[in-house]
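Asker: Residue-level listing of the chains:
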Amino acid sequence: MEAIKTVSLTKIYGSNVGVENLNLEVFSGETFGFLGPNGSGKTTTVRLLNCIIRPTSGRAKVGGYDILSESEKVKRITGLLPETPGIYERLTAHEFLEFIGSLYDVPQPILKRRINDLLDFFELGDRGDELLEGFSKGMKQKVLLASALIHDPEIVFLDEPTSGLDPVSSRMVKDLIKMLSSETNKTFFICTHILPLAEEVCERIGIIDRGQLKEVGSPEELKEKYGAKNLEEVFLQVTGKNVTKDMIEWV
Amino acid sequence: MPSWLAVAKNEYRLMLSGRVTRRLRRILPVMLVSLVVVIAVALPLVSRFLFLELRVREYLEDMLTLPLRPDPVLSLFIVDTSIVLRMGAISGTLAFVIPILAAIGRQLEEVEVVSKDVVLSSPLKPVHVIIGEFMVNLIMLPVILLVSTIMLVPVALTFYLTFQAVALILTAITLACLTGIWVAVIASTYLFTREPTGKIKSALKALLGALGVSMGIGILFLSMSVTPPNLWFLPSLWVASIIHFAATQSNITIIKIGFTYLLMPVQPDGWTSFILLASLFVLSFLMGAVCLSKVNFTGIEKKEEALIVKKENFFYRAIRRSLPSPLSVVTVSQLKEFTRRTDNIARFLSVIMFPVIVLLMSKMMQFDFTKVGETLVSLASLSGFYFVLAGVILPMMIIPYIFIDTKDILWTIKKTPRGVKLLVYSMLAETIILCVPMSIVMALLFYLAMWSIGGNPAVFLAVMLFMVFVSTAIATGVYASRPVFKEKGLGHFVNFVITLIATGLVVSATFILLVIPWIPNLLVAEPLIKAASWLPQPTSTLVSQAVAFLLINAAPKDPFIQIAGAVASFMLGVVVAYTSIKRGTRKLELYEG
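In the order they appear, the protein sequences are chains A and B. Numbering of the first sequence is given in our numbering, commencing with residue 1 and proceeding in unit increments. Numbering of the second sequence is given in our numbering, commencing with residue 252 and proceeding in unit increments.
Honestly, the hints are just simulated from the structure, not real lab data. Think of the CB as a built atom: it goes at the ideal place given N, C-alpha and C, for glycine as much as any other residue. A few of these clues could be false.
[As the list claims (entries may be wrong)] Computed list of lysine-lysine pairs in PhoX-like fashion (alpha-carbon distance at most 20 angstroms, straight line):
#1 B:LYS561 <-> A:LYS112
#2 A:LYS214 <-> A:LYS225
#3 B:LYS838 <-> A:LYS112
#4 A:LYS73 <-> B:LYS376
#5 B:LYS672 <-> B:LYS781
#6 A:LYS73 <-> A:LYS61
#7 B:LYS672 <-> B:LYS561
#8 A:LYS137 <-> B:LYS658
#9 B:LYS672 <-> B:LYS658
#10 B:LYS260 <-> A:LYS140
#11 B:LYS562 <-> B:LYS658
#12 B:LYS739 <-> B:LYS260
#13 B:LYS838 <-> B:LYS672
#14 A:LYS73 <-> A:LYS5
#15 B:LYS833 <-> B:LYS737
[What the hints assert, rightly or not] Some chain A residues well away from chain B (every beta-carbon gap over 12 angstroms; in silico):
#16 LYS5
#17 THR84
#18 PRO107
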């Protein structure tokens, strides 16, 4: 069964194309990697699928719910780690997670337990009462990850989940995704630049460039198709990005 | 290109980085310099062509009342010069204080110190950065000259200002302005490089708010009093003395009180003032140069201070209990985010100065012998203006700051099922929770200030609360419709104007609804006041005051009409508030979507 299905999904900002005719299927319980260069339309796709912005044309269903007519239901079953970390700096980690949890109507006793569990999991248990303004970028990222999971969503969208994390925390996030994916049947939609992460945790991968979906398949399928040793080579071939010699000469 | 010029150019670009202002980058300096030229030429011309006509008309009017005057000859030839000192003091205050406020404000608005790493890692000397900052602030000079000279238009209409007089006035204003900018740039840079923490930033923001309000009060006081000798050390009064000397060619001021003329020496006199101002200018630059050698950017680093909050206080617990969940949680979170910033609280509390101004004004009117000509009606109208302004500004001290730097979190909130609606209602709840106690204090202060005119404290309180509720809802709706996420931005001004106009319309409509039952009184009062104007002074003023007093106090006796008017105005407020919130929620849901 499809967790996410888009049909000719298009978003145009004035004269700029955000996403154009996106036709994509992500299956339930799958970990899907969405790769693309900067400004290729990854974040726009995530915002569309989370009903934060409205498409210019086309349709999409998330968890079987239509993103236009059933947006509230979509929002309840999805969790989002945004690309840019929006956080209330003058709240403590505990207070911030309580704030986000209450926006999803998580009952108070359950919310308290989840906050403690998540803070412990991300090794922030002893810093839960500290104001977020004193947290490092990686620590804030962990709090945001926790906030994406606080209401136990069926489908989790992670936009650059390991951005700013140290290698240990990055490993922890990868393990968390793998564990949740295998044991809870959650669907993960991961936008990332970090190709080893995608190669390691994603079952299938989609590559988007200038708003258009260029390729979809498992890492193995894509490597075979392009005769590449790794995903990086596939990515460079699909997007056509190469460093030119001219530039290197003057640098 | 010299380094300081590169810094100045960059700062200038940052200053004009908005979508609209960006287009003005090339033309603005030309426009501003042209403006100064126009001011220098226009003021003497206006003075030459208009003052004579006005003076002749005034003489002719005076001739009609000559028989009533104790000294007819003096009456014709002696002109009240106190207006020059009053307007000059306002000009001086603007010229000296606005540059300080603006220059410190610019420093505060700049991004965190860490983001200056790019600039600081280049081979720049601190002196280049400071001179660059000073240079870019010079853009204020023509604006200050314009604003200050606008204040002098009444002077130009009363006295003939020669080109030499205008040159002297502009020189004085320029000296005051340059001194203000230099002092502010040096002081704020010095402070930031010594202790660049958030606390200093908060303290400076609070200081800025207090300075702004003090300037308001200062202008008011200076405009109402003539050469207070105990304030001789104020640079703004030196500017006033110079302007007085330039306009009247004299160091003696003439105050006209009724039919009596008082001659008072201006202290300090014009030339002494000029010497003092020039000395201050030179000294401040010398002192600045000394400070410059002590400024060092290399030690700047942002200090992280972990603040631990163990237990929620009574205030937040009470809100949690009194509001339904999840609104209570969201409101408490919003409140914590707002109240944990010192500058937010300082700015919010500064609104209390509005009733304090009115209170001080009413006291001045009672005790200052030069104020015998002022009427209770003028106090009432001015107080009414401040009353409405305070009611509108109070929520505007909260709502815009809820949005600052929250664009990213808006996406998170938009992602949640009823997030936007909850956000808007929590903003409303937060603002009302903060505003209600403040409204009570302000209403009581306004009542004390206007006690001599009359009125019921319960009415003051009810009207203030009603106004704050309405303006809060309107401002919330306006900001939800047109959110502004940067501290600096034209959007704040536009939103403020929209809120002010909308609230003003509702308050006016409310006033009309409440006054409708009084129309019979008005119908009687109007011809009486008109007739009173034909009577000789001071009978005319006394009769007008008596009629106004009766109009204010003689409320209709029919309670049904009074209640109907109050209910209708209340309903109007509720409808406008609800519509604004509804519209704002809908717009915010669609924001950038």
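Asker: LYS561 of chain B and LYS112 of chain A: Cα distance at most 20 angstroms?
Answerer: holds, 15 angstroms
Asker: Given the hinted pair LYS672 of chain B and LYS658 of chain B, is their Cα-Cα distance within 20 angstroms?
Answerer: holds, 16 angstroms
Asker: Hinted pair, alpha-carbon criterion (20 angstroms max): LYS73 of chain A, LYS5 of chain A. Please report holds or violated.
Answerer: holds, 16 angstroms
Asker: Run the distance test for LYS838 of chain B versus LYS672 of chain B: straight-line Cα separation, threshold 20 angstroms.
Answerer: holds, 11 angstroms
Asker: Is LYS73 of chain A close enough to LYS376 of chain B, meaning Cα to Cα at most 20 angstroms?
Answerer: violated, 58 angstroms
Asker: Given the hint that LYS137 of chain A pairs with LYS658 of chain B, test it: the Cα-Cα distance must not exceed 20 angstroms.
Answerer: holds, 18 angstroms
Asker: Taking 20 angstroms as the top limit, are the C-alpha atoms of LYS739 of chain B and LYS260 of chain B close enough?
Answerer: Answer holds: LYS739 of chain B to LYS260 of chain B is near 19 angstroms, not above 20 angstroms.
Asker: Within a Cα-Cα threshold of 20 angstroms, do LYS73 of chain A and LYS61 of chain A meet the stated pairing?
Answerer: holds, 11 angstroms
Asker: Between LYS833 of chain B and LYS737 of chain B, is the straight-line Cα distance small enough, at 20 angstroms or below?
Answerer: Roughly 24 angstroms separates the two Cα atoms, so the pair is violated.
Asker: Is the Cα-Cα distance between LYS562 of chain B and LYS658 of chain B 20 angstroms or less?
Answerer: violated, 29 angstroms
Asker: Taking only the CA atoms, is the gap from LYS214 of chain A to LYS225 of chain A under or equal to 20 angstroms?
Answerer: holds, 13 angstroms
Asker: Please work out if LYS838 of chain B and LYS112 of chain A have their alpha carbons no farther apart than 20 angstroms.
Answerer: Outside the cut-off at roughly 33 angstroms; violated.
In this structure, the earlier hints numbered 3, 4, 5, 7, 10, 11, 15, 17 and 18 are contradicted, and the remaining ones agree with it.
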